[in-house]
Amino acid sequence: MTAVKSMSLSTADPAAAAPARPRLLTILTIVTPIALVISLYVALFVARTEVDQGDVQRLFYIHLPAFFGGFFAFTATVVGGIAYLRTRNAKWDRLAVAGVEVGLALSLINLLTGMFWARPIWNTWWTWDPRLTAEAIMVLTYFAYLMLRAGIDNADTRRRFAAIYGVLAFTTVIITLVITRIRPDTIHPVVVGPSVQTEAQGMFDIQATEGVRLALYTGFIPWAVLIPVTLMWYRVRLEALAERAALLKSRLLER
Amino acid sequence: MKTSFFRAVSAIVRKDLRIEFRSRELISMMGLFALLSILVFSFALELDRIARQEAISGVLWVTVIFASILGLNRSLAAERDQGNLDAMLLAPIDRPAVFIGKLVGNFLFSLLVGLALLPVMAALYNVNMIQPWVLLVLTLGTLGFSAIGTVLATMTVQTRTRESLLPIVLLPIALPVLLAAVRATTNILSGAPQDEWIAWPQILLVLDVIYLTLCVLLFEYVVEE
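Those sequence lines, one after another, are chains A and B. So for the first sequence, the numbering used here puts the first residue at 1; every next one is plus one. So for the second sequence, the numbering used here puts the first residue at 1001; every next one is plus one.
Quick caveat, the hints were computed from the structure, so don't treat them as lab data. Virtual Cβ for every residue (Gly too), placed ideally from N, Cα, C. Check before you lean on any hint, since a few could be wrong.
As the list claims (entries may be wrong) - Facing chain A, a subset of chain B residues (Cβ under 7 angstroms, in silico): (1) T1159; (2) L1165; (3) P1172; (4) I1173; (5) L1175; (6) P1176.
In isolation and in its complexed conformation, chain A is listed as follows (with noise of 0.2 angstroms):
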């Protein structure tokens, strides 16, 4: 909410000086490295060692979380997206190209470390699995939207047209998630809740080796949580600095 706000006072006027930075965000700033400082302490130090996988399925606790923490940052870019064409407010664009950079980036974690685990787990370090397939494709789609917004010059069909396409590109997400559920044929393990799986490759039981639920759970809170909602907040800020410089730029050249 606060940050809903705070971003409502710099549209204003979009010449108007920036707000001050939210004393929220600044706690933010400070909590989730000290989160993520802890999770990895409990990731790698607290969780025992996973008997048949060793210390590379600590690389778990990132992998999961971090996916979720795209699956976050892409859900804010619809929601940002169906605001937008609602109230063509331009506040609403902004947290929704934050979603997606924000998204990115989060996805790439989530695929690198799933590479890293899979090159001894599963002997290579990509394979043309179901879900492996999904996730790229859901990846360049995201890839596309920032092109697509990189090839309109007037703001407003910008921002209409990545509202547009950041609701279509959501639908590469919900298959991400749900194609292990459709398709029984995939090799990547699902570990949390029910399973339809007879060929992953890689299961291990969370409950079997201690602290690996700890871990898991205190991985979510920053990689899942803090660290999207505090870059996204920084990239909406960003994007207003942005816009407002654009603006004095255009109203200086009038002179």
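Based on these hints, arrange chain B on the given structure of chain A.
Chain B alone, transformed into the frame defined by chain A:
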């Protein structure tokens, strides 16, 4: 007074068909491209008999999709350049009618190219392509692809990079449709029992419904001005 939905749709479709019937630009370009693409594939992949069975549905779909992208760009660029899109939006008809009208035109051209490819491929690759299920999957696949393509092409013809941007924004979003269509076609052509692959046409149908609904809802925002 508003023109009724179906009259508006059929007027737009008839307009597109008449233009095409007189110039034969689009269909000849798409058809020639599709033929060339099939030949290029058969050289590039050096297909022997077994590899052919595996690759043929992929060749079919990639060809249909790239031919459709050619068609979509032409179809929407013509509306834009000659000011016809603005005229249609000024006319007292619903926005969804404009969308469905353009969609039907694009869909028909893509489907026509796909249908024309089937006997050609059957002859060149010696595979029985003309089966009722293949026709159904071809129809469903091109429908879903054309729906997304019509919305996105209306957007990309208004951008700076124009034609080159459409495949970049369209292919990733259309990939689920393409994936389901290729899987279905491969399985049908391999002669597998029906209950092994019936899920794919079903998924394709569900995807079509989702994308059509989304596109009808979103098109209104694409063309407002």
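Earlier hints that do not hold, by number: none
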